[in-house]
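Respectively, the protein sequence lines represent chains A and B. My numbering applies: residue 1 is where the first sequence begins, and numbers increase by one. My numbering applies: residue 405 is where the second sequence begins, and numbers increase by one.
Because the hints were derived from the structure by calculation, they are not lab data. Don't take every hint at face value.
[To be verified] Stretches of chain B that chain A covers, calculated by requiring three or more beta carbons in the stretch to come under 8 Å of a beta carbon on chain A: (1) 410-419; (2) 539-547.
[As the list claims (entries may be wrong)] Counterexamples of contact, computed for chain B against chain A with all Cβ distances above 12 Å: (3) Asn523; (4) Ser597; (5) Glu913.
Small disclaimer: the values here were computed from a predicted structure and weren't measured. Glycine included, C-beta positions come from ideal geometry on N, C-alpha and C.
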Amino acid sequence: MEPLDQELDASELELPTEPMLLNVGPAHPAMHGTVRIVMELSGEIIERCDVQVGYLHRGFEKMCERGTWTQVFPYVDRCNYVSPMLNNVGFALACEKLLGITVPERCQWYRMILGELARMSDHLTCDGAMAMELGAFTPFLWMIKGREMVWEIMEEETGARLTHSFGRVGGMAAPPTEGFKEHTRAVVKHIMSIIDEVERLLLGNRIFLDRLENVGVISAEDAISLGWTGPCLRASGVPYDVRKAHPYLKYGEVDFDVPVGSASDSFDRFMVRLAEMRQSARIIEQCLERMADKGPVNVDDPRVILPAKEEVYNSIEGTIQHFKIIMEGLKLPAGEVYSYTEGGNGELGFYLVSDGSGTPHRVRIRPPCFLITAGLERVITGQMMADVVPSFGSLNMIGGECDR
Amino acid sequence: MPSFKLDDKDIPFEPGDTIIRAAQRAGVDVPHYCWHPGLSVAANCRMCLVELMPPPGRPAMLLDVLAWDDLHQTYVPQKKPKLQPACQQAAADGMVVKSQTSEHAVRARSAVQELLLLNHPVDCPICDQAGECRLQDYWLEHQASKKRMRDEPVHKPKGVVFGPTIVYDAERCIMCTRCIRVSAELAKDPVLSMRERGNLNEITVAPGRQLDHGYTLMTEYVCPVGALTSSDFRFKARVWFLRSVRSTCVGCATGCSSFTDFDPRNQKVYRYRPRENAAVNKYWMCDDGMLDYQRIHQDRVLEARIKTEGVSDAAALDKAAELIKGAAPQKTAILLSAEHSNEDNQALLDFGKALGALQLYYTGRPQGQGDDILKSADKNPNTAGVLALSGGRAKPFADLVAALKDGKVGVLVALGSAIGNPNDAGALKDLKNLVALSSHDGPIADHAAVVLPASSWAEADGTFVNRTGLRQESDRAINPQGASRPAYRWVQELANRLSLTLSWKKVAELRALSQTAAAPSAPPPSVPGAQASTAPGANG
């Protein structure tokens with residue numbers, strides 16, 4: 001397209017020759033509520049832009065320094081609030097790394113299943129919203145229906161749809177419910193059929209493809225230098241997945257592939273997420289197969305695990321154990337630890353510093369979104385204004401995690 | 405210096421030291437219940453058992469025991485070393501001691517801890533000691549196992565009133581006998597003893613007696629568990645909500661080091677605890693001192709007053725300035741207080757100097773009973789400090805009474821609340837122009853034309869000089885109550901109204917000033933008082 005202002009001098013019209021400044025957000029639905037982008041437009045092309053984050057900053061890393069280690073779980077729930085279980089497990093694993101304990105096998109399988117379900121919920125939301133933002137409302141409704149089924153499992157297991165606070169240092173708040181395996185199998189099957197249908201609807205749609213293909217491209221080198229991880233990095237062809245590269249829990253024992261893209265565009269990011277959900281389903285099936293129906297979920301360590309209520313009420317030993325963990329908090333040995341897992345958006349890291357007391361000295365989170373959002377400027381500069389929406393959507397910026 | 409090895413760490417010791425004492429000095433904790441550094445050794449709790457390695461070339465002292473074999477489900481004969489209590493075992497040069505690294509000592513401690521909890525009631529939720537209880541700490545550190553006994557625990561008397569200050573719970577008691585030893589050794593009143601045997605034994609008061617000597621709260625303080633509780637503190641606060649600051653007891657001229665425990669949420673002080681200080685109080689405080697915190701919240705002057713009517717700070721300051729302006733410098737008198745810190749007194753002294761006031765007096769709380777353990781008869785924390793600050797120029801209250809009778813005093817600016825002899829209060833009644841900086845109601849505030857509410861010792865940092873001339877600092881615990889402010893702040897405000905220039909602006913400057921002012925004088929007498937009137941320079 002020819003630039004609009006080419007013939008301005010000769011024209012009767014006095015169109016502005018200055019670039020136009022356009023502000024979008026932070027309170028704009030396409031900005032997912034929390035990001036502000038100031039763009040310098042030449043016609044419809046973005047010449048320069050400034051991405052501003054921090055509007056959802058709640059200072060929660062600082063808040064962590066007030067309570068006990070266990071009281072951090074509700075805060076991490078509110079990081080990536082589309083897949084809170086992944087944050088719960090990530091934080092629990094970090095504490096356990098510092099304590100030098102490993103949870104029982106049953107708990108490891110359980111954590112993996114819940115985590116992969118959470119990843120599905122994350123990807124369903126992101127891909128669904130991308131489609132919706134391009135005008136395809138039906139796939140969004142279908143995918144959100146699938147997410148709703150995941151959340152029903154979560155509600156049955158944890159009592160809460162969204163903010164579960166279900167992880168515990170040394171285990172989980174409760175063992176799996178009786179119908180957990182059956183329920184999960186049914187839901188995963190249903191979600192797979194939803195994904196198939198969504199694929200059929202969208203991948204033959206010219207509008208959808210034109211809006212995503214070769215839009216929002218970022219090279220693998222740029223993505224790596226920006227610190228990108230997760231689906232966004234893999235869409236650029238880099239097969240880095242913490243679950244494969246540095247297996248934790250039982251990821252080393254299950255069979256799954258790491259889907260990668262090649263064109264590094266918004267479309268590849270969409271497709272990588274779809275493919276990852278299919279891998280999650282594979283992982284879940286293997287975990288369900290191998291998770292025992294009986295056996296302990298929590299470690300047998302009185303320093304970190306609360307005693308049963310009968311013991312608290314009826315024996316002094318139980319009362320003391322309960323008192324110590326609740327009033328003083330379980331104590332992590334003095335020292336520091338970095339522990340990282342594959343979150344919904346990439347490498348979710350927890351860097352903990354403990355002074356040996358029951359209260360965290362420092363809880364630092366490496367939010368995958370924050371680093372990905374740092375690349376947004378590079379992704380959209382030079383693009384059409386209208387392409388900001390799907391490009392931004394494909395990065396899956398989650399305000400809670402990005403701004404903390 | 406000779407030394408021994410404790411868990412591979414070299415511990416130096418002085419001849420005569422026990423293992424636990426030397427270890428404590430070196431900052432290594434050996435778990436213990438019954439041992440207390442200020443008391444004799446009882447060695448009855450068995451928590452501090454350690455393994456002594458035999459000297460080179462000598463066989464270990466081994467005991468024949470039966471150990472349970474899980475595999476064969478039977479007892480098998482075994483040998484284990486004879487463990488020794490670290491609180492009783494004298495240290496010897498080159499000795500090798502194993503505490504945490506000895507498998508036998510670790511097992512023995514776990515067993516001791518389990519035994520102590522065998523009949524312990526499920527009382528943590530209603531026990532004052534919870535949160536600072538050795539049983540809780542050591543369960544986690546040394547036992548960490550569940551209850552194995554399935555029988556009904558032995559029940560013993562609960563809520564036994566031992567005396568006016570102490571309530572005893574025999575079920576929680578671990579029979580460490582620390583309270584018995586405190587009564588006998590510190591208070592020199594062996595009123596407590598142990599009766600019965602085995603799991604029926606309990607602490608008891610001598611027949612016909614109550615636990616009522618002057619150091620009863622120390623029995624509660626040394627109690628490592630919740631068996632002895634103070635009737636004053638009982639059910640008042642949970643210790644994990646309290647915060648502590650380092651303070652100095654202002655109950656008498658001894659100036660015991662203490663902790664002030666307060667609740668930051670409601671800004672109330674709940675108790676004192678002794679703070680170890682070898683130069684003053686060792687590990688102890690007397691009952692009067694322990695309960696002296698109550699005065700922080702009792703009979704306080706919390707708003708500025710003109711006569712008996714409450715007024716705004718500004719109105720009171722205006723009135724005070726007017727009264728002071730109305731009198732000639734030679735008829736202006738300054739009354740210092742031995743109840744208040746060096747900072748408060750120095751500020752008022754400076755104010756008097758700026759005014760040109762020539763008459764300088766001091767007073768404080770009346771004399772009381774002393775003893776030869778800790779208590780002083782002088783019930784003021786800073787008599788020595790005041791005398792040193794004024795360079796001996798301050799005259800006792802009796803001289804002020806005489807001056808008042810002679811009509812030599814036009815206006816009196818007085819710090820403090822109490823006067824040395826309550827019978828002299830009548831003399832103040834005739835004084836029309838008394839400006840008082842009082843923290844508490846009392847003869848001075850009662851007869852004042854203007855009262856400015858001063859903060860108590862818990863509401864401002866302050867320095868006090870005790871009877872031996874030792875300067876000690878006491879930290880602020882709570883915010884100033886009501887409209888009160890530290891007395892030196894009132895003095896500053898007054899000086900501003902009178903356009904006087906003081907030689908300090910910040911508290912740090914004031915403190916430095918009080919230190920240099922007090923430095924040249926000779927060490928003050930241990931029981932200051934009457935001689936002060938003959939001190940030279942009163943008019944110079």
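Exercise. Far enough from chain A: is every CB of that chain over 12 Å from the CB of serine 597/B?
Worked result: Given that every Cβ of chain A is farther than 12 Å from that of serine 597/B, nearest at about 27 Å, it holds.
* Given that the region 539-547 of chain B was listed as covered by chain A, double-check it with a C-beta distance under 8 Å for 3 or more residues. => holds (count 5)
Distal placement of glutamate 913/B relative to chain A, Cβ over 12 Å: About 36 Å separates glutamate 913/B from the closest Cβ of chain A, which puts it past 12 Å; holds.
Could you check that no beta carbon of chain A comes within 12 Å of the beta carbon of asparagine 523/B? Violated: least Cβ distance 9 Å, not greater than 12 Å.
Are there at least three residues in the region 410-419 of chain B whose beta carbon sits under 8 Å from a beta carbon of chain A? violated (count 0)
Violation of the numbered hints given earlier is confined to hints 1, 3; the remaining hints are satisfied by the structure.
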